[in-house]
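Asker: Single-letter residue listing:
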Amino acid sequence: MTNPLVTRDRIEQEVREALGTTLRIETPATIDLDSSIVNDLHATSIDFLDINFRLETVFGIQMNTQGFLDLVEEELGDGKAIDRDGKVTAAAAEIMKLHLGGSDGIESGMYSDETAAVVTPRMVCDAVEKLLGTLPAACTACGATEWKSEDGAKVTCGACGKAAEYTPGDDLTKRWIQDIEREKQLFASA
Amino acid sequence: MRAMGEFDGKVALITGSTRGIGRAIALRLAEAGADIAVHGRSNAGPSRALAEAVCEEVRGLGRRCEIYAADIADKEAVGALMAAVEADLGRLDTLVLNAARAPFKETTRLLERDLRQLVEVNLFGHVFCVQKALPLLEKDGGDIVFISSLGSRFMNPQYPLGPMKAAMEAMVRQWAEELGPRGIRANGVCAGLVKTDSYKTLRRLWPELGTLPEAAFVTPEEVADVVAFLASGAARAIAGQNLVVDRGLSNRILRAPER
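These protein sequence lines are chains B and X, in that order.
Residue 63 in the working numbering sits at position 63 of the first sequence; the count goes up by one each step and never skips.
Residue 102 in the working numbering sits at position 102 of the second sequence; the count goes up by one each step and never skips.
By construction, these hints were calculated from the structure, which means they are not laboratory data.
Misleading hints may appear alongside valid ones.
[As the list claims (entries may be wrong)] Mimicking SDA-like on lysine to any residue, the simulated pairs with C-alpha atoms at most 20 Å apart in a straight line are: (1) Lys105(X) / Phe53(B); (2) Lys174(B) / Gly102(B); (3) Lys174(B) / Glu106(X); (4) Lys80(B) / Thr108(X).
Using the sequences plus the hints, can you model the full thing?
Answerer: Shown next, in the form of C-alpha cells:
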C-alpha cells in the first residue's frame with residue numbers, strides 16, 4: 001500500500017534533507033541513494049536519532065525506536081537473533097536479508113553492531129513509504145474517509161483536521177516479522 | 001599562560017567524557033587546573049575523533065590530557081585503565097563516574113542482554129572503577145562524583161536507566177561512609193533535563209519534552225560547575241549527597257495526571 005497523498009519523490013527529497021542537515025552535507029541532492037549511511041556518509045548511531053526525528057516531524061510518522069534484530073528477539077525470543085558473543089545468528093541473517101530486500105552485506109556470524117553499515121538512504125525511503133502506507137481508511141477521531149495534505153507530507157482528516165494516525169514503526173516491523181516467520185519458519189529449528 | 005586553579009597539580013578521570021556532560025566536566029576541571037584523563041568506551045572512528053577534540057581543548061588550557069578507551073563493564077579493562085592513568089599522569093585525585101549506556105524501552109520489552117548490559121555498565125562498571133581507582137584515590141585523599149539523573153527519583157518514559165541511577169545514588173551514600181575514613185569523599189550530581197545525545201532519543205519517546213520552555217533545561221556546563229564544586233575543598237563538609245541540579249524542575253508539578 002502506498003499513501004496517495006505523499007509521493008515517492010517527496011519522500012526521497014525529505015530523506016536527503018534529513019541526511020544533509022544531520023550530516024552537514026551541503027548538496028543533499030547529490031547523495032547516492034544506494035550509499036552506506038554509516039560507511040559512506042559517516043553517520044553515527046546518534047545521527048540516526050536525528051535523521052529519524054526529522055522524518056517523524058515532517059511526515060507525522062513514528063520511525064522504529066528499536067533495532068530490527070531487537071524486534072526479532074522481542075517477537076521470537078531472547079537470544080534468537082544475536083548470540084552471546086554479539087554475533088548475528090543464521091536465522092536472523094536470513095530474516096534481515098528478506099527485510100532489507102536481499103542485502104549483500106548481511107552474513108550469519110557478523111557482529112550485530114556491524115549490520116547498521118548496510119542501511120542506505122533508499123532503505124530509509126522504503127521504511128518511510130511503508131509507514132505512510134498504513135494510512136487508515138477512516139479518521140480515528142471522526143470516521144470521515146477523506147484525507148488531505150496541504151504540504152504533500154503531513155496528512156490530515158479532510159473533515160475534522162486531525163493528523164492521520166499511522167501504525168508505529170516498531171509495530172509494523174513486528175507484524176512483518178510474525179508474518180514472515182509464519183510463512184518461512186526460519187526460527188522454527190533455531 | 002595557565003592560571004592558578006583549585007585543582008592545580010591534580011589529575012581527574014572522567015568516564016564517558018568524549019561528549020555531552022562528561023566533556024563539559026573535563027573542560028571545567030581543566031579550567032580549574034586539573035590534568036585530565038578523557039575516557040570513552042571505544043577507541044575507533046567517531047569516538048576517537050571526539051576524544052581528540054576534547055583533548056585538544058584541554059591542552060589549549062595548558063593542562064596535560066590523555067585519552068583512554070575501556071569498557072567499564074570489563075573489570076580487567078578498568079584495571080588497565082587505572083594503571084595507564086597512573087603511568088601517564090602519575091596520580092588520580094578526582095574520579096567522575098559519568099559513563100552510561102542503556103536502551104530506551106519499556107522494562108517489559110527489555111531483552112536479557114539489554115538487562116545485563118544495563119546492570120553491567122551502569123552498576124558493575126562504576127563499582128569496578130571505584131575498586132580499581134581506590135589505591136590511587138587514597139594516596140592524597142580523593143573525590144568521587146557520580147553523575148545521576150532525575151530518572152533516579154521520577155519515572156521517565158522508556159528509561160530503564162532510571163532504576164540504575166537510583167541504585168547508584170544509594171551506592172554513593174555507601175561509599176561516603178566506607179571510604180570517608182580513607183580520605184575519599186563521594187557525592188553525586190542528579191542532573192535535570194540536559195540537551196545532550198540522550199535527549200535526542202527522549203524527545204522522540206516523550207513528545208511533551210518539546211513543549212517545555214528552554215528554562216526547564218540545564219546545560220552541561222551548569223552540571224559541570226557543580227561537579228567542580230563537589231570535588232573542591234569548598235565542599236569538604238559534603239559527603240554522601242546527591243545534589244539535584246535541575247533549575248527547580250523537580251520542585252514543580254509540570255505533568256498533570258491523565259483524565
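Asker: Hint numbers the structure violates, sorted upward?
Answerer: Hints that this structure does not satisfy do not exist here, as all of them hold.
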